[in-house]
Amino acid sequence: MNKCPNCSQPVTDQDAYCRTCGFNLAKYRRDYFTGEEPEAASNDSLQETQEMKQAAPQSSWLDDEEAKPAEPAEPTEPPKRELTRRSYQSQERAEKSKSAVNTTAERMFQWMRENTTIAFCVGVALLVIMSFSREIGWTAFAVSMIALWWVCRNKEVSQYEADKNLTDEFKQTTSKVFDSFDDRESELEEKKQHFASKHPKVHVKVEQHKTKLKPAKKARKHDFGWVQIAAVMTAAIALILLFAGYGFTAGSGSRMTIASVFFETGNALMQSGQYVPAAIIYAVLAAWIILPIFTLLAIVQNTKGSRVKAFFLSLLETVLVIYVTYHLPAGRVVNTQFIYSVFSGLHSYAVALNASAWLLIFDSLLTTGLTGYSMFEPLAQKQRAKKQEQAEKKD
1 MNKCPNCSQP
11 VTDQDAYCRT
21 CGFNLAKYRR
31 DYFTGEEPEA
41 ASNDSLQETQ
51 EMKQAAPQSS
61 WLDDEEAKPA
71 EPAEPTEPPK
81 RELTRRSYQS
91 QERAEKSKSA
101 VNTTAERMFQ
111 WMRENTTIAF
121 CVGVALLVIM
131 SFSREIGWTA
141 FAVSMIALWW
151 VCRNKEVSQY
161 EADKNLTDEF
171 KQTTSKVFDS
181 FDDRESELEE
191 KKQHFASKHP
201 KVHVKVEQHK
211 TKLKPAKKAR
221 KHDFGWVQIA
231 AVMTAAIALI
241 LLFAGYGFTA
251 GSGSRMTIAS
261 VFFETGNALM
271 QSGQYVPAAI
281 IYAVLAAWII
291 LPIFTLLAIV
301 QNTKGSRVKA
311 FFLSLLETVL
321 VIYVTYHLPA
331 GRVVNTQFIY
341 SVFSGLHSYA
351 VALNASAWLL
361 IFDSLLTTGL
371 TGYSMFEPLA
381 QKQRAKKQEQ
391 AEKKD
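Be aware that the sequence shown starts at 1, since it is given in UniProt numbering, and climbs by one per residue.
Read the hints as simulated data drawn from the structure, not as lab findings. Heads up, some of the hints might be wrong.
Here are the simulated distance ranges between beta carbons [unchecked claim]:
hint, residue 1, residue 2, range
1, 259, 131, 54 to 60 Å
2, 305, 236, 35 to 41 Å
3, 109, 182, 37 to 43 Å
4, 323, 119, 20 to 26 Å
5, 323, 170, 51 to 57 Å
6, 109, 136, 24 to 30 Å
7, 207, 170, 50 to 56 Å
8, 195, 109, 54 to 60 Å
DSS-like, lysine-lysine: derived pairs with alpha carbons at most 27 Å apart [as the list claims (entries may be wrong)]:
hint, residue 1, residue 2
9, 201, 309
10, 191, 201
11, 386, 304
12, 210, 394
Built from N, CA and C at the ideal position, the CB exists for glycine as well.
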């Protein structure tokens with residue numbers, strides 16, 4: 001470099017600053033001539049540098065800039081976010097949990113997360129034991145919790161080899177079960193194809209029959225209206241009335257229901273040696289339970305035959321309820337031996353039974369009316385459609 005890039009005055013290679021304008025030649029060489037000779041610089045770069053420096057202040061300003069160290073930028077505070085109630089509560093909960101969590105309790109939860117298969121098996125076993133005896137079930141639950149606390153008391157938790165083996169066994173078993181279903185479906189499909197290849201005419205007729213039935217099924221779904229829904233609800237209410245308590249209590253203090261009254265009466269007759277009246281009591285209770293269930297299923301099927309079936313089942317339930325309620329009071333018991341033995345055991349519960357029996361009668365009558373309306377509704381629709389067609393033809 002023979003000339004200053006700023007003022008074009010002659011300079012030497014040993015000069016750190018220009019004697020005329022004070023330009024920092026050392027920095028210029030360091031920035032623009034890395035590993036090259038100064039004389040190899042192009043004239044275009046010199047001209048660009050001159051144009052840039054002409055707009056800048058002179059030497060005193062440049063010297064001051066070199067002498068002054070760069071001031072660190074003041075850190076800008078991030079904008080404060082408004083703390084909501086939910087975030088405040090979550091922060092408080094996190095702080096409390098950090099300070100209040102016991103290491104043993106944390107290990108217990110971690111053990112259940114690591115050994116989920118064993119925990120699942122223990123839970124199922126406790127449910128089975130609880131279904132037979134609550135005392136033994138609660139005792140087994142307490143023993144299992146104490147054992148879990150003892151295991152997690154002083155050592156780290158990890159997944160047991162038994163849990164890994166059980167998990168692998170469950171995976172294999174479930175995969176085999178699903179594979180068997182898939183194989184069964186594939187076998188049925190192969191048999192279907194084999195039958196179709198051997199009997200093509202029958203296969204064609206079956207397919208034609210299926211295509212005829214599909215639109216009928218779709219139309220049947222649309223026929224399920226508010227009448228059927230109301231009938232389903234009343235049939236379900238009849239089941240609820242049999243097993244729901246309604247305020248009266250027996251001598252033992254337990255809440256009474258129709259089912260419990262019939263069970264107690266039947267057990268008392270069995271203990272006294274009257275087996276036939278007890279069988280009649282159990283049969284009446286079974287009929288009260290089965291008839292609403294079959295009525296409900298028939299209503300859901302929503303076919304022509306099922307509507308008739310639902311109506312007659314509901315009618316039979318209504319007759320049975322009215323008959324039992326009519327002969328329940330002491331003054332109306334007939335003198336037939338078996339009937340007298342049956343209803344004499346129910347006299348002590350007459351008031352309580354009547355309180356719910358009248359509701360059951362009303363519900364059965366309502367179900368019978370709805371199922372009867374549902375049975376005759378298609379005929380009424382056909383008649384209305386015929387009348388509309390006749391009116392259109394006349395017009």
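Evaluation of the provided hints:
1. Our hint of 54 to 60 Å for residue 259 and residue 131 is violated, since their Cβ atoms are close to 19 Å apart.
2. A C-beta distance of roughly 22 Å is found between residue 305 and residue 236, which places it outside the suggested range of 35 to 41 Å.
3. At about 38 Å, the beta-carbon gap between residue 109 and residue 182 stays in the expected band of 37 to 43 Å.
4. A beta carbon spacing of about 54 Å between residue 323 and residue 119 contradicts the range 20 to 26 Å that was offered as a hint.
5. In this structure, residue 323 and residue 170 meet the distance hint of 51 to 57 Å, their C-beta atoms being roughly 54 Å apart.
6. Distance hint for residue 109 and residue 136: a CB-CB separation of about 26 Å, consistent with the stated range 24 to 30 Å.
7. For residue 207 paired with residue 170, a C-beta distance near 42 Å fails the hint of 50 to 56 Å.
8. The hinted window of 54 to 60 Å between residue 195 and residue 109 holds, with their beta carbons roughly 57 Å apart.
9. Distance restraint check for residue 201 and residue 309: the Cα-Cα separation of roughly 36 Å exceeds the 27 Å cut-off, and the hinted pair is therefore not satisfied.
10. Taking the CA atoms of residue 191 and residue 201, the gap is about 16 Å. The hint holds against a cut of 27 Å.
11. Straight-line distance between C-alpha atoms of residue 386 and residue 304 comes to about 19 Å, which keeps the hinted pair within the 27 Å bound.
12. Our distance criterion of 27 Å between C-alpha atoms is broken by residue 210 and residue 394, whose separation comes to about 38 Å.
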